[in-house]
Amino acid sequence: CCPRRIRRILDKNIKFHRMCAYMIVLMTLIHYFAHSFNVDFFTSAYTSKILRKRLVARLIQIGNAPNETYLNPIRSNVFSVGAVFLLTGGWTGVIITLSLFFMVTSSVEFIRRSYFEVFWFTHHLFIVFYGFLVVHGISMQVRGQTAASLLVHDPKRCSLINPALWPQNNCPTPVFAGSAPMTWKWVIAPMVLYVIERIIRLVRFNQQVEILKVIKHPSRVIEIQMRKKGFNAEVGQYVFIMCPQLSQLEWHPFTLTSAPEEDYCSVHVRIVGDWTTGLSKVLGADESGNEVLPSWKMPKLAIDGPFGTASEDVFNYPVAICVGSGIGVTPFASLLKSVWYKNLNPEHEMVLKKVYFFWICPETHAFEWFGDLLAYLERQLAEIGRQDLIEYHIYLTRGWDHKQAKTIYAHEEDSRDVITGLEQKTNYGRPNWDEIFSKTAQSHPNTHVGVFFCGVAALSAKLHKMSNKHSGSGVSFHYNKENF
Amino acid sequence: MWANETALLGSSVLSIGGIIGIMGGLLKNFMFWLPIGIYGLIFGIILVILEYPRGRKNKGNTAERRFQSCTATLLTKLPFVDNYYFRAIAYFIVCIPSAIIVPTLLGSVFVIIGSGIYLGAACHNEKWAPVSARTEVRSQSADVTQPPSRPPPRLPQNVNNPNQI
Chain A
12 CCPRRIRRIL DKNIKFHRMC AYMIVLMTLI HYFAHSFNVD FFTSAYTSKI LRKRLVARLI
72 QIGNAPNETY LNPIRSNVFS VGAVFLLTGG WTGVIITLSL FFMVTSSVEF IRRSYFEVFW
132 FTHHLFIVFY GFLVVHGISM QVRGQTAASL LVHDPKRCSL INPALWPQNN CPTPVFAGSA
192 PMTWKWVIAP MVLYVIERII RLVRFNQQVE ILKVIKHPSR VIEIQMRKKG FNAEVGQYVF
252 IMCPQLSQLE WHPFTLTSAP EEDYCSVHVR IVGDWTTGLS KVLGADESGN EVLPSWKMPK
312 LAIDGPFGTA SEDVFNYPVA ICVGSGIGVT PFASLLKSVW YKNLNPEHEM VLKKVYFFWI
372 CPETHAFEWF GDLLAYLERQ LAEIGRQDLI EYHIYLTRGW DHKQAKTIYA HEEDSRDVIT
432 GLEQKTNYGR PNWDEIFSKT AQSHPNTHVG VFFCGVAALS AKLHKMSNKH SGSGVSFHYN
492 KENF
Chain B
6 MWANETALLG SSVLSIGGII GIMGGLLKNF MFWLPIGIYG LIFGIILVIL EYPRGRKNKG
66 NTAERRFQSC TATLLTKLPF VDNYYFRAIA YFIVCIPSAI IVPTLLGSVF VIIGSGIYLG
126 AACHNEKWAP VSARTEVRSQ SADVTQPPSR PPPRLPQNVN NPNQI
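Listed in order, the protein sequences are those of chains A and B.
Numbered according to the numbering used here, the first sequence spans residues 12 to 495.
Numbered according to the numbering used here, the second sequence spans residues 6 to 170.
If you only want the chain A side, here are some residues facing chain B, beta carbon under 8 Å, derived:
{"id": "1", "residue": "Leu40"}
{"id": "2", "residue": "Tyr43"}
{"id": "3", "residue": "Phe44"}
{"id": "4", "residue": "Ser47"}
{"id": "5", "residue": "Phe48"}
{"id": "6", "residue": "Asp51"}
{"id": "7", "residue": "Val92"}
{"id": "8", "residue": "Thr108"}
{"id": "9", "residue": "Val115"}
{"id": "10", "residue": "Ser117"}
{"id": "11", "residue": "Ile122"}
{"id": "12", "residue": "Ser125"}
{"id": "13", "residue": "Tyr126"}
Once the Cα atoms are required to be at most 25 Å apart in a straight line, the calculated SDA-like pairs of lysine to any residue come out as:
{"id": "14", "chain 1": "B", "residue 1": "Lys132", "chain 2": "A", "residue 2": "Glu128"}
{"id": "15", "chain 1": "A", "residue 1": "Lys227", "chain 2": "A", "residue 2": "Glu379"}
{"id": "16", "chain 1": "B", "residue 1": "Lys64", "chain 2": "A", "residue 2": "Gly289"}
{"id": "17", "chain 1": "B", "residue 1": "Lys132", "chain 2": "A", "residue 2": "Val119"}
{"id": "18", "chain 1": "B", "residue 1": "Lys64", "chain 2": "A", "residue 2": "Glu128"}
{"id": "19", "chain 1": "B", "residue 1": "Lys64", "chain 2": "A", "residue 2": "Ile282"}
{"id": "20", "chain 1": "A", "residue 1": "Lys365", "chain 2": "A", "residue 2": "Asp22"}
{"id": "21", "chain 1": "A", "residue 1": "Lys364", "chain 2": "A", "residue 2": "Arg15"}
{"id": "22", "chain 1": "A", "residue 1": "Lys239", "chain 2": "A", "residue 2": "Gln218"}
{"id": "23", "chain 1": "A", "residue 1": "Lys64", "chain 2": "A", "residue 2": "Thr80"}
{"id": "24", "chain 1": "B", "residue 1": "Lys62", "chain 2": "A", "residue 2": "Phe130"}
{"id": "25", "chain 1": "B", "residue 1": "Lys64", "chain 2": "A", "residue 2": "Ser291"}
{"id": "26", "chain 1": "A", "residue 1": "Lys365", "chain 2": "A", "residue 2": "Gln391"}
{"id": "27", "chain 1": "B", "residue 1": "Lys132", "chain 2": "A", "residue 2": "Val129"}
{"id": "28", "chain 1": "B", "residue 1": "Lys64", "chain 2": "A", "residue 2": "Glu261"}
{"id": "29", "chain 1": "A", "residue 1": "Lys414", "chain 2": "B", "residue 2": "Ser154"}
{"id": "30", "chain 1": "A", "residue 1": "Lys64", "chain 2": "A", "residue 2": "Gly155"}
{"id": "31", "chain 1": "B", "residue 1": "Lys62", "chain 2": "A", "residue 2": "Val467"}
{"id": "32", "chain 1": "B", "residue 1": "Lys64", "chain 2": "A", "residue 2": "Arg281"}
{"id": "33", "chain 1": "A", "residue 1": "Lys364", "chain 2": "A", "residue 2": "Ser449"}
{"id": "34", "chain 1": "B", "residue 1": "Lys62", "chain 2": "A", "residue 2": "Ile122"}
{"id": "35", "chain 1": "B", "residue 1": "Lys62", "chain 2": "A", "residue 2": "Phe132"}
{"id": "36", "chain 1": "B", "residue 1": "Lys62", "chain 2": "A", "residue 2": "Phe127"}
{"id": "37", "chain 1": "B", "residue 1": "Lys132", "chain 2": "B", "residue 2": "Ile54"}
{"id": "38", "chain 1": "B", "residue 1": "Lys64", "chain 2": "A", "residue 2": "His376"}
{"id": "39", "chain 1": "B", "residue 1": "Lys62", "chain 2": "A", "residue 2": "Val119"}
{"id": "40", "chain 1": "A", "residue 1": "Lys308", "chain 2": "A", "residue 2": "Ser291"}
No lab work stands behind these hints: they were computed from the structure.
Every residue, glycine too, gets a C-beta built ideally from N, C-alpha and C.
Could you put together the complete structure from these sequences and hints?
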């Protein structure tokens with residue numbers, strides 16, 4: 012629906028979320044410090060030094076008699092810190108700021124990486140935050156003279172006159188009112204959207220997910236093939252998976268590794284933490300069980316999604332450069348499979364004509380399944396004579412010891428690579444991006460080339476710079492990044 | 006770990022509150038703020054320096070904060086700071102005087118919460134330890150200069166067949 016340039020901005024949603032958070036923190040601090048002066052003005056109005064000022068003394072009294080509206084929300088002499096809790100704006104503000112404090116301190120990258128549950132559960136305090144934010148101003152404690160009262164009681168003139176003499180001098184008692192809360196007008200639309208999304212997640216939770224197959228891959232990777240009614244995904248999208256047997260509250264994101272053309276959806280799960288270990292156990296894929304679990308013993312799973320990322324746009328470009336580093340290679344599994352399926356369909360002419368795929372990892376350990384997928388695709392493409400559709404390069408960056416170097420050298424002349432078994436030889440070390448980009452620019456003049464990346468941030472910055480550097484006359488590189 | 010983050014943010018807010026207290030204290034109406042503002046600023050800065058170096062995680066590599074090594078060496082020399090009970094109680098006591106004026110109230114409450122989390126961590130026997138240098142990646146190559154000490158494993162049929170070499 013939307014043009015590609017606008018859609019690309021939506022890919023930066025997490026960055027935008029963080030910018031909003033920084034702004035909220037900054038504004039909260041400014042707001043708090045400004046109101047600390049305010050609170051002290053309110054409470055110090057009752058102290059004896061100030062009471063000698065007749066105007067202040069009179070103003071704080073207004074509101075004590077019936078039919079009068081007050082100016083000072085603090086109605087008696089209290090300690091200023093206590094006044095913070097007396098004011099409705101005060102104690103709701105305390106609750107809001109405390110929730111913000113917990114959310115901010117647990118969102119730093121260190122806590123997110125090492126203690127994810129702390130981050131996840133404290134971040135749900137946003138419900139408290141927004142709830143109390145909406146009622147923060149409900150007592151209307153920021154007050155001023157009403158417009159009607161301003162017509163009859165001119166503050167500039169009457170403040171100079173002794174308040175005891177106001178009735179004689181045409182200064183009727185001023186009428187004060189507070190301004191109504193406004194925040195709800197700004198946040199109501201996003202809150203409603205969020206509630207709708209949670210309701211959708213609840214509905215999806217109740218939809219049945221059928222587990223078709225669980226496949227154990229080497230290096231502690233399991234592939235789960237599932238089916239759900241009405242589930243359609245684009246290429247490279249991800250889903251959230253929840254297993255009620257393990258935890259009612261944890262939804263974990265996984266990239267879909269199946270192509271949209273297949274009739275099942277699959278994810279490859281790497282067993283790393285306690286949730287994934289528990290998952291492999293209930294699926295019968297851990298070391299203890301070697302028997303096949305019947306399907307009625309399979310645990311219930313819930314899928315929320317699919318959610319889109321940058322990789323969806325790949326079919327809109329005539330040429331695509333896809334770079335995956337480490338675990339970032341998973342969205343491209345789905346992409347490559349889908350490219351092949353689409354090619355089988357001769358009448359539908361694809362815009363995408365050529366895919367350059369770069370896989371960069373310290374070692375292929377834990378991604379043998381992806382190597383197998385590449386080998387399979389290579390064979391299939393050779394069968395239909397379209398080997399030139401996908402050109403892939405694998406880079407192993409960790410280096411090698413001399414035993415490995417000897418093996419590689421001994422197999423130098425083999426037709427297939429010794430490590431991956433593919434026809435394309437594996438390269439060692441890091442790619443020379445300048446050379447790659449300029450070569451691509453030369454072979455495809457006057458085209459829009461999409462660069463898709465998923466993986467480590469340092470490489471992302473480099474690729475973005477390269478894309479901008481080599482975009483020139485005719486050829487333009489559009490950089491898209493996927494977040495993990 | 007989380008206590009460290011909360012106490013760091015809290016002490017930064019306390020310092021800012023101290024600055025605001027000082028600025029307000031210079032006005033005639035808020036002279037009471039001035040001493041507390043100075044107190045808040047000084048202790049805020051001290052706490053920022055104490056909290057800035059991140060302690061070592063129990064397992065795995067710890068990501069250090071930038072320039073943390075400058076204050077980390079200071080911390081290893083101070084007597085009590087690696088004990089979290091000390092941090093919990095000391096922060097609580099330090100923040101009580103600064104909680105009496107509104108600008109520094111926010112920072113004090115944050116640091117008190119941080120001290121509460123430190124108390125919980127202390128009950129779990131956690132301590133502050135300086136982050137050591139990153140452990141080197143162990144080389145996985147076998148030493149090929151020595152001849153193998155054991156024969157390679159053989160399949161059962163090879164063991165039984167005496168004619169095989």
